[in-house]
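S.K.: In case you want the letters, here they are:
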Amino acid sequence: MSTPDDRTIVESLLAMNGLTPTPAEVDKLVAGYAPSRAAAETLYTMPGVRYEVPAITFDPRV
Amino acid sequence: MTEHMTLTDASAALKAGEVTSVQLVQDAIAVADEHDAAVGMFLNRTNDQALAAAETADAALAAGGEVGPLHGMPLGIKDIITTQEGVSTAQSLVLDPAWSDGDAVVVERLRAAGAIVMGKLTTMEYAIGMPDASKPFPIPRNPWNLDHWAGGSSSGSGSSVAAGAVLGALGTDTGGSIRIPAAFCGITGLMPTFGRVPKSGCVPLGYTLDHIGPMTRSARDCALMLGVMAGPHPSDPTTIDVPVDDYVGGLTGDLTGLRIGVDQLSRIAGDAEDPALPGTFAAAVAELEKLGAEIVEIELPFYAEMSTACMVMMVSEAMAYHLPDLQSRWSDYFEATRMTVGMGIYYSAADYVQAQRARRVGQLALAKVFEDVDLIVTPTSGAGATSFDQMSTFSDRMAEGGFGPIYTPYWDTTGNPVLSAPMGFTQDGLPLSLQIAGRPFDETTVLRAGDAFQRVTDWHEQVPSLAAVAVPA
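Residue numbers (our numbering), protein chains in the order written: chain D, -18 to 43; chain E, 49 to 521.
Incorrect hints may appear among the rest.
To be verified - Covered stretches of chain D (chain E as the covering partner; in silico rule of three or more C-beta atoms under 8 angstroms from a C-beta of chain E):
id, segment
1, -13 to -1
2, 3 to 17
3, 20 to 27
4, 31 to 38
In case anyone wonders, no lab produced these hints; they're calculated from the structure. Quick caveat, the model's predicted, so the values are computed rather than measured. Think of the CB as a built atom: it goes at the ideal place given N, C-alpha and C, for glycine as much as any other residue.
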């Protein structure tokens, strides 16, 4: 199975979200995709994160 | 003229009968009349209402009754925070008239303390992005050099205080939007602890990151405003019921017994660090040491991860708010706004949750550092205000998810209180700024350090020579 390239992924994500940037803007979003994904991936390998809970609380009272 | 007085001094002069509120308001109006077209500070000015309020304030003072701590003081409000004067535009064509419902809680509190609203101040659209000359809004220029940006997103809050068009202002901070314009414009800004100040009535950017805070000429003025603004409110469930200190009373001028961790963060800025930064920062740290603090070198834990988490959370939360309008009105948004918020497509729901888990890890690691030190200082930015010529580079860096030499988003992720205070100038004469961060809800110690620093330095008293500049073409 082939791996989709960044442009294919970004164009798919834009379509999924119903967004219609200009071609120049799509190019910029494609260029920013790889570094942004690489940074996000580091959040999964931080020491100590494996068993941590999210910093979001929920109060069932309204 | 009174336009470059601190709030503290203006309030004292008013109560001593040396100046009237009408005079303070008239002086502020005169500055705005002269410089607003060039600097781009205001979206809406409410001179008549302000003058009427000033007359009322003077009459109340003459009658001899009790007055509030901000009685008769002219302030400005960033135009993503609602006021009773009219619709808040968030500096956007994608206007949501829902943001017109009277005073936000913080504005209500300021007014109850006697403050006078001079108008609504410029912002980056929806508190994110960069200036866009193709849209019908003022370009927020830096009073120190009109070829440079005032910073954002609380652009008008920074520039109007620096120029003297208001004596204090409200800003908001999600990734640095109080501290960046405070740094670039050479004023003092405080991002309070997350949950310290109610943000109901403020157009959201990042629900778990947004803070409202004061922007003024001094740490003492920030203490004065925070004392009025702080405290929980049922309209904002993220506020936390922690006792509100006497912030002004805590300004002792002495740092004896405090341990201060120092991280210059040059490893982050790299080549982008201004040549004047190391010496300026070292001199500022030396002043803190002379004031009695013990200085220790530290390294902020998980710096890159906390900055990344800020970006993931901010654009994901912003996209949740803006997606329907982005789908139907893409081109009505500023280019930098739609491109930055549009980065929300990069991240999955799992990434968002993971950012919130990483945030907890970072908070715990930072809390360990704060077991050994009382405060942490870093520069606010490794460089001075960005020039409009360099904005595309700045924009490209943001498009790649980076903040470059801007050292602010780390603290939005952790939620600690942080003061930005002027500490010198770049080689080109633009302000440089010191960040002073404290433990959660310990604004008292943060402000104490900022005030002590400003008692022995005069960087915060420097003002731009606006009279000499012309309106750019």
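S.K.: So is the segment 3 to 17 of chain D in contact with chain E by the C-beta rule, three or more residues under 8 angstroms, or is the coverage claim wrong?
M.R.: holds (count 8)
S.K.: Examine the segment 20 to 27 of chain D for residues whose CB is less than 8 angstroms from any CB of chain E, and state whether their number is three or more.
M.R.: holds (count 6)
S.K.: Do at least three Cβ atoms from the segment 31 to 38 of chain D come closer than 8 angstroms to Cβ atoms of chain E?
M.R.: Three-residue rule met by the segment 31 to 38 of chain D, so holds; n is 5.
S.K.: Under a C-beta cut-off of less than 8 angstroms, do 3 or more residues of the segment -13 to -1 of chain D approach chain E closely enough to confirm the stated coverage?
M.R.: Coverage by chain E holds here, the residue count being 6 at a Cβ distance below 8 angstroms.
Hint check: no violations occur; every hint is consistent with the structure.
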